[in-house]
Structures are given as structure tokens and as C-alpha cells.
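Chemist: Spelled out from the first residue to the last, the chains are:
Protein chains: 2
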Amino acid sequence: MNELFLETMQDWMEIFMRRSMSKFRQYLKENGFSMTQMTSMFQILHCGSCSISDLAAHLDISNAAASQSTERLVQQGLLTRNEDPNDRRNKRLELTEKGKNTVAESMQARQMWFQELVGLLDDTEKKQIISALEILTTKTKELSPSPGSLCSESNS
Amino acid sequence: MNELFLETMQDWMEIFMRRSMSKFRQYLKENGFSMTQMTSMFQILHCGSCSISDLAAHLDISNAAASQSTERLVQQGLLTRNEDPNDRRNKRLELTEKGKNTVAESMQARQMWFQELVGLLDDTEKKQIISALEILTTKTKELSPSPGSLCSESNS
DNA sequence: GTTTATATATAAGCCCGCTTAACTATTTTG
DNA sequence: CAAAATAGTTAAGCGGGCTTATATATAAAC
Chain A
1 MNELFLETMQ
11 DWMEIFMRRS
21 MSKFRQYLKE
31 NGFSMTQMTS
41 MFQILHCGSC
51 SISDLAAHLD
61 ISNAAASQST
71 ERLVQQGLLT
81 RNEDPNDRRN
91 KRLELTEKGK
101 NTVAESMQAR
111 QMWFQELVGL
121 LDDTEKKQII
131 SALEILTTKT
141 KELSPSPGSL
151 CSESNS
Chain B
157 MNELFLETMQ
167 DWMEIFMRRS
177 MSKFRQYLKE
187 NGFSMTQMTS
197 MFQILHCGSC
207 SISDLAAHLD
217 ISNAAASQST
227 ERLVQQGLLT
237 RNEDPNDRRN
247 KRLELTEKGK
257 NTVAESMQAR
267 QMWFQELVGL
277 LDDTEKKQII
287 SALEILTTKT
297 KELSPSPGSL
307 CSESNS
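Sequences listed follow chains A and B, in order. If you use the numbering used here, the first sequence corresponds to residues 1 to 156, in order. If you use the numbering used here, the second sequence corresponds to residues 157 to 312, in order.
Derived by calculation from the structure, the hints in this document are not laboratory data. Here a beta-carbon is modelled for each residue, glycine too, at the ideal position from N, C-alpha and C. There may be inaccurate statements among the hints.
[As the list claims (entries may be wrong)] Here are the simulated distance ranges between beta carbons:
# : chain 1 : residue 1 : chain 2 : residue 2 : range
1 : B       : ASP240    : A       : GLU134    : 46 to 52 Å
2 : B       : ALA221    : A       : GLU97     : 20 to 26 Å
3 : A       : MET35     : B       : LEU276    : 28 to 34 Å
4 : B       : GLU239    : A       : GLU3      : 24 to 30 Å
5 : A       : SER53     : B       : GLN166    : 29 to 35 Å
[Said to hold, decoys possible] Partner residues aside, some chain A positions facing chain B, computed with beta carbon under 8 Å:
#  : residue
6  : LEU4
7  : PHE5
8  : ARG92
9  : GLN128
10 : ILE130
11 : SER131
12 : LEU136
13 : SER144
Put together the whole structure using the sequences plus the hints.
Modeler: Below, the structure is given as C-alpha cells:
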């Protein structure tokens, strides 16, 4: 049973990734973003706000690299970078509206094919899939330290 | 209903991507592969064999770039690059055993957390998820030109 | 067989993202 | 307050991945 489960997950992942990543790379290329930049924006969105060194830790790059990379995003008006009033050594990175739109767009680019997929499913199948994915989503959230666990644990 | 379906898919995608991509980037970094290189290897695995220009088209880069990139993979013993006997202008790129192992490893890196997930599910849930994902996988394969459609349509 | 088209390789050069090292500003320690 | 620690920026330099332009080999067209 576990065997079958894992195998099914793997098959799904493979086909899912192939579709989604292809669109995603295309979006990055067309809009001139690096993987690091987009991952940064995702992370900042996820956390609401985070520091340069948090970001560097999450991306596994040096603080200097994170500083340079965010600088470019700030210049493009995608991020704001303000002093943390509690500790003025820290910077608080946050997405601007433009930044949020960019992230949303990139997600939509990945998801274009969902629209097409929905047309191939009848209502029974949709229901079945919805409840299965809800289980997966819920349970996955319960898993051990999420990779983005550096931000203030907004799970619940 | 379609609304709910899409929303559920999006939620799942977000959490799924966050987990999987994090591990994947880590794997790339630790093993010194670029996104392009890994995507190339995936594509070649998927097709069994493809040419330099096929690869360039799929990655949306110049033929020169594809040639250079594959050169590095050949030097590392991950690819073979042989003349196509039918048209000796073409090169047939194929994965070596080492290359196949590398791709498999990178997949496993992405999937580590599936193992953990399986422990949180009871048998009923697993069955439910399996049949839902089987539907998704099947229907997705039926979708219009897959992004990797340059290779000899081994769908069936 | 000569010309033209195709597939790849090579060269020169650009930009980007990364690193380390040095520097500034702020906070903490004692 | 002086010394040490922390957060971030800046500078210099390296390597990778990309581009265009050029060269080579093969195949197709006439």
C-alpha cells in the first residue's frame, strides 16, 4: 500500500513538474528574473517580512549575495527595505504591490494548464480530487520543519 | 465547482512546490549543476535520445549554448554524444548510467518528504489519494502538446 | 558536382550571481 | 565607556551561461 502510494505520488510529481517547471522557466526568462530572485520573492511573501540574513540562510548563499540580489529587486520596485525599528542593524524586506503581482503572475504562468485540465474532468472526478488534495495539503502542513521555517511560524 | 477545484489545486501546488523546490535547489547546489543542465538531463531521459537543436529549442536557448552546456555534461561522464548514423550532422545525446543515477537522485531529493507524509495517512486516505492522483496523471497526459513534445511522442 | 541548407562546434565577449575581504553602523557585554 | 559581536553594504574578482559571429562537416537541391 505504501509502495503504491509512493509510486503514484512519484508519477504525479514527474508529470506535474514537467508541465509546471517548463512554464515557470519561461516566465523567469521573459521577465529577466533569476531563480534566486524569484525564490526570494516567494520567501518574502510567505513570511510577510524577513531580514537579509534570514533570506541568505534560506537560499543558502552568503549575506553579501543576498544583499546584492535584493538590491536589484529594490531598484526594480519589487521590494521595500526598511530598518527594523527594534534593532536598527536589521533590514525588513517586504514585497511591494508590484512585487506581489509579479509573484502572482509567475504562479499563474505555472498554472495555466490547470484550466485546460479542468475541462477533461467530470464533477465526480473533481470532487474526488478536491477532497484528496485537501487531505494532502492539510497533512503536509503538519509535517516537520517546513523549509521556510525561518519566518515567524504563521502555521495554524 | 471549477472555482473550488482550481483553488484547491493552487493551494496544493504552492505547498508542494515549496517543499520540493527547496530540496531540489539544495541538490543542484551540492552537486554543482545548473538548472539548465538538470533540465537537459530530464529532457534527455524523457526522450531517450535527442539532438543538440532539439534540446536548445526545448530550453529556449541558442544552439551554441546547448552545445556548450552538453559539452560539460559529456566531460563529466553524464551524457554520451554520438553521431546519428542516419544523418551524421546530428548528434544523439543519451544519458549514461551515471547520468540516469544523477537524475534519479535529484528526484529522490525532491521526494524525501513523501516518506514522512505517508506516515500521517491512514489506509482509507491513501486509497483516496491514489485514485485521485491516478485520474490527474491520466488526464494530464491527454492534454495538448506537452512541453516536451519534441521527442518522438512515446505517449500511449 | 556545385550550390545551398542544416547541425554542430568554437571563439570572443558580456552580464550575472557568487565568493571573500574590508568597512560602517548598531547593539551587547562587561 | 571600551571591546566584542552582529547585520548589512561595498569592492574586487572568478566562473558560468548566454549571445553573436565564424568555421566545419554533412546532406539536399538543382
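Chemist: For every hint, state whether the structure bears it out.
Modeler: Hints, one by one, checked against the model:
1. B/ASP240 / A/GLU134: 46 to 52 Å: Holds: the Cβ-Cβ distance is about 49 Å, inside 46 to 52 Å.
2. B/ALA221 / A/GLU97: 20 to 26 Å: violated, 35 Å
3. A/MET35 / B/LEU276: 28 to 34 Å: Cβ of A/MET35 to Cβ of B/LEU276: about 30 Å, so the range 28 to 34 Å holds.
4. B/GLU239 / A/GLU3: 24 to 30 Å: Violated: the Cβ-Cβ distance is about 42 Å, outside 24 to 30 Å.
5. A/SER53 / B/GLN166: 29 to 35 Å: Given range 29 to 35 Å: holds, Cβ gap about 31 Å.
6. LEU4: holds, 6 Å
7. PHE5: holds, 5 Å
8. ARG92: violated, 21 Å
9. GLN128: holds, 5 Å
10. ILE130: holds, 5 Å
11. SER131: At 7 Å from the nearest chain B Cβ, A/SER131 passes the 8 Å test, so the hint holds.
12. LEU136: Since the shortest Cβ distance to chain B is 6 Å, the answer is holds.
13. SER144: At 7 Å from the nearest chain B Cβ, A/SER144 passes the 8 Å test, so the hint holds.
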